[in-house]
Each structure stands twice: as structure tokens, then as C-alpha cells.
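The listed protein sequences correspond, in order, to chains P and R.
Note that our numbering numbers the first sequence so that position 88 is 88, with each residue one more than the last.
Note that our numbering numbers the second sequence so that position 18 is 131, with each residue one more than the last.
In short, the hints are calculated from the structure, not lab data.
Note that the Cβ used here is the ideal one computed from N, Cα and C, for glycine as well.
There's no promise every hint is true.
As the list claims (entries may be wrong) - Simulated crosslink set (DSS-like; lysine-lysine; CA at most 25 Å straight-line):
id, chain 1, residue 1, chain 2, residue 2
1, R, K220, P, K40
2, P, K36, P, K22
3, R, K162, R, K220
4, R, K182, R, K162
5, R, K171, R, K223
6, R, K182, R, K220
7, P, K36, R, K162
8, R, K171, R, K182
9, R, K220, R, K171
10, P, K41, P, K22
11, P, K40, R, K162
12, R, K220, P, K36
13, P, K18, P, K36
14, R, K162, P, K41
15, P, K36, P, K19
16, R, K220, P, K19
17, P, K36, R, K223
18, R, K223, P, K41
19, R, K223, P, K40
20, R, K223, R, K162
21, R, K182, P, K19
Said to hold, decoys possible - Quick list of the computed label-pair ranges, beta carbon to beta carbon:
id, chain 1, residue 1, chain 2, residue 2, range
22, R, S165, P, P8, 39 to 47 Å
23, P, K41, R, Q184, 20 to 28 Å
24, P, G3, R, S165, 22 to 30 Å
25, P, G3, R, N215, 17 to 25 Å
26, R, S197, P, K40, 20 to 28 Å
27, R, E133, P, M15, 27 to 35 Å
28, R, S122, P, L27, 28 to 36 Å
As the list claims (entries may be wrong) - Examples of chain R residues lying across from chain P (beta carbon under 8 Å, computed):
id, residue
29, V142
30, N154
31, Q155
32, G156
33, L157
34, K162
35, Y163
36, L164
37, T199
38, F203
39, G214
40, F218
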Amino acid sequence: ETGVTQTPRHLVMGMTNKKSLKCEQHLGHNAMYWYKQSAKKPLELMFVYSLEERVENNSVPSRFSPECPNSSHLFLHLHTLQPEDSALYLCASSQEYSFSPLHFGNGTRLTVT
Amino acid sequence: AQSVTQLDSQVPVFEEAPVELRCNYSSSVSVYLFWYVQYPNQGLQLLLKYLSGSTLVKGINGFEAEFNKSQTSFHLRKPSVHISDTAEYFCAVSEGGGSQGNLIFGKGTKLSVKP
Numbered sequence: 001e002t003g004v005t006q007t008p009r010h011l012v013m014g015m016t017n018k019k020s021l022k023c024e025q026h027l028g029h030n031a032m033y034w035y036k037q038s039a040k041k042p043l044e045l046m047f048v049y050s051l052e053e054r055v056e057n058n059s060v061p062s063r064f065s066p067e068c069p070n071s072s073h074l075f076l077h078l079h080t081l082q083p084e085d086s087a088l089y090l091c092a093s094s095q096e097y098s099f100s101p102l103h104f105g106n107g108t109r110l111t112v113t
Numbered sequence: 114a115q116s117v118t119q120l121d122s123q124v125p126v127f128e129e130a131p132v133e134l135r136c137n138y139s140s141s142v143s144v145y146l147f148w149y150v151q152y153p154n155q156g157l158q159l160l161l162k163y164l165s166g167s168t169l170v171k172g173i174n175g176f177e178a179e180f181n182k183s184q185t186s187f188h189l190r191k192p193s194v195h196i197s198d199t200a201e202y203f204c205a206v207s208e209g210g211g212s213q214g215n216l217i218f219g220k221g222t223k224l225s226v227k228p
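All chains should be modelled from the sequences, with the hints used to inform the complete structure.
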């Protein structure tokens, strides 16, 4: 059983919808991450919250908006997405500055129609 | 800037055969190296990591990797694979600081083990 739980597992949304992805970690880690996994591309880091502070990533479109209310929860708010945003979105956590590995959730498979 | 190249996108192999998954990196400073595995419909999990010390690193499920600084490589090996090893394998590199937010991943190698 993974210590990082993501919901929902699958999401289909239209381009005008607003939805949110949720991630919860039960490992006591102090950093959480959102990654985008698309076919035939390297894993793309979207956002990092380290010690409850957000690390900016200017290459992510503003239609993706993260929220980290505490060290155990992470959200990714989605609005007016494009079909090319369809991908597997992975949440991960780690203990920052200790070389501990990333612990991943099982991901949310997002399809934008 | 650092980068990671996994030379093979797909590797088919028969059960009980040996396998090597190749990984090369590019970096101008000391690096820390990782292999992650992703089973179908799951997230990634750590197989093994090299931080310092012995260049031969042993991981879970019988996998090992060897860090070769002169060739800037960190190839993953297993002497005898099982059907259950069918998965996608990702090499990753960090230039340090202990922050996993600095990890750069390769594009992955899909290992397919056939009976």
C-alpha cells in the first residue's frame, strides 16, 4: 500500500470545466510535488512545495493552480484545460534535504475532451 | 545543464535471461543517481540509488547498477529476469543539495519479459 494517495484515479473533463486533483501523504514528509507524465516524454516536474513554501515553476501554464494547505495535503486545481493536457498526473512526497527517495502516488489519469 | 539519456525505449527479453538497461547522463559537477520502476497502473518507486562510496549499488528485486564516472553511465542490470519485472524503468540524476526537486528523469525504458 502506498503512503501517498491520489484521487480520483481517472478524470474526464471538458475544456470549460473546473476540477481538482487531490493528494494526501501519510509519511510525515516535508515536501510534496506534482509531476506530469505524458507518453514518450520525460517526467515533467510541475510544482514543488518544500517546507510548506511553493517553488515557482514559470513554465507551467496558469490553467494549472496548486494549493498546499498543510504538509500532508496537496491539490492541483484545473480550469479551461486543453486536449494536450491529457496525461497521467503524479503526486510525490519526500523528506527534503536528506536524499530520501520520492514516494509516488498511483496517479490520476486525466482526459480532456 | 544536466540531462539523462536512456538509449533504449523498449527492451524485450525472455524469462530467466540477463538484462541491462542503459543510462547515460550529462553533468559538469558531482551527481547523485537513481533508478525508479513503474509497474502498470502505478506510480514510480525507488529501485536503487548512488550517492557516494562503492560504485556498484544493489537494489530491490535483485537489480544492481554500476556508476562509471569516466563514461558518465549508470546502467541497470539483473542476471535473471522474471515475468513480474515487466515494467517501465526510469533513470534520474540530481546535482545535489539533497532536494528531490532537482531530479531530472530520463524518458524511460519499457522492459517486457516474455515466457
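Verification of the hints:
no.: 1; hint: K220(R) with K40(P); in the structure: holds (6 Å)
no.: 2; hint: K36(P) with K22(P); in the structure: holds (14 Å)
no.: 3; hint: K162(R) with K220(R); in the structure: holds (18 Å)
no.: 4; hint: K182(R) with K162(R); in the structure: holds (15 Å)
no.: 5; hint: K171(R) with K223(R); in the structure: holds (20 Å)
no.: 6; hint: K182(R) with K220(R); in the structure: holds (21 Å)
no.: 7; hint: K36(P) with K162(R); in the structure: holds (22 Å)
no.: 8; hint: K171(R) with K182(R); in the structure: holds (17 Å)
no.: 9; hint: K220(R) with K171(R); in the structure: holds (22 Å)
no.: 10; hint: K41(P) with K22(P); in the structure: holds (24 Å)
no.: 11; hint: K40(P) with K162(R); in the structure: holds (24 Å)
no.: 12; hint: K220(R) with K36(P); in the structure: holds (12 Å)
no.: 13; hint: K18(P) with K36(P); in the structure: holds (18 Å)
no.: 14; hint: K162(R) with K41(P); in the structure: holds (22 Å)
no.: 15; hint: K36(P) with K19(P); in the structure: holds (16 Å)
no.: 16; hint: K220(R) with K19(P); in the structure: violated (28 Å)
no.: 17; hint: K36(P) with K223(R); in the structure: holds (18 Å)
no.: 18; hint: K223(R) with K41(P); in the structure: holds (13 Å)
no.: 19; hint: K223(R) with K40(P); in the structure: holds (11 Å)
no.: 20; hint: K223(R) with K162(R); in the structure: holds (19 Å)
no.: 21; hint: K182(R) with K19(P); in the structure: violated (46 Å)
no.: 22; hint: S165(R) with P8(P): 39 to 47 Å; in the structure: holds (41 Å)
no.: 23; hint: K41(P) with Q184(R): 20 to 28 Å; in the structure: holds (26 Å)
no.: 24; hint: G3(P) with S165(R): 22 to 30 Å; in the structure: holds (27 Å)
no.: 25; hint: G3(P) with N215(R): 17 to 25 Å; in the structure: holds (22 Å)
no.: 26; hint: S197(R) with K40(P): 20 to 28 Å; in the structure: holds (25 Å)
no.: 27; hint: E133(R) with M15(P): 27 to 35 Å; in the structure: violated (44 Å)
no.: 28; hint: S122(R) with L27(P): 28 to 36 Å; in the structure: holds (32 Å)
no.: 29; hint: V142; in the structure: violated (16 Å)
no.: 30; hint: N154; in the structure: holds (7 Å)
no.: 31; hint: Q155; in the structure: holds (5 Å)
no.: 32; hint: G156; in the structure: holds (3 Å)
no.: 33; hint: L157; in the structure: holds (5 Å)
no.: 34; hint: K162; in the structure: holds (7 Å)
no.: 35; hint: Y163; in the structure: violated (11 Å)
no.: 36; hint: L164; in the structure: holds (6 Å)
no.: 37; hint: T199; in the structure: violated (17 Å)
no.: 38; hint: F203; in the structure: holds (7 Å)
no.: 39; hint: G214; in the structure: holds (4 Å)
no.: 40; hint: F218; in the structure: holds (4 Å)
Violated hints, listed in ascending order, are 16, 21, 27, 29, 35 and 37; each of the other numbered hints is respected by the structure.
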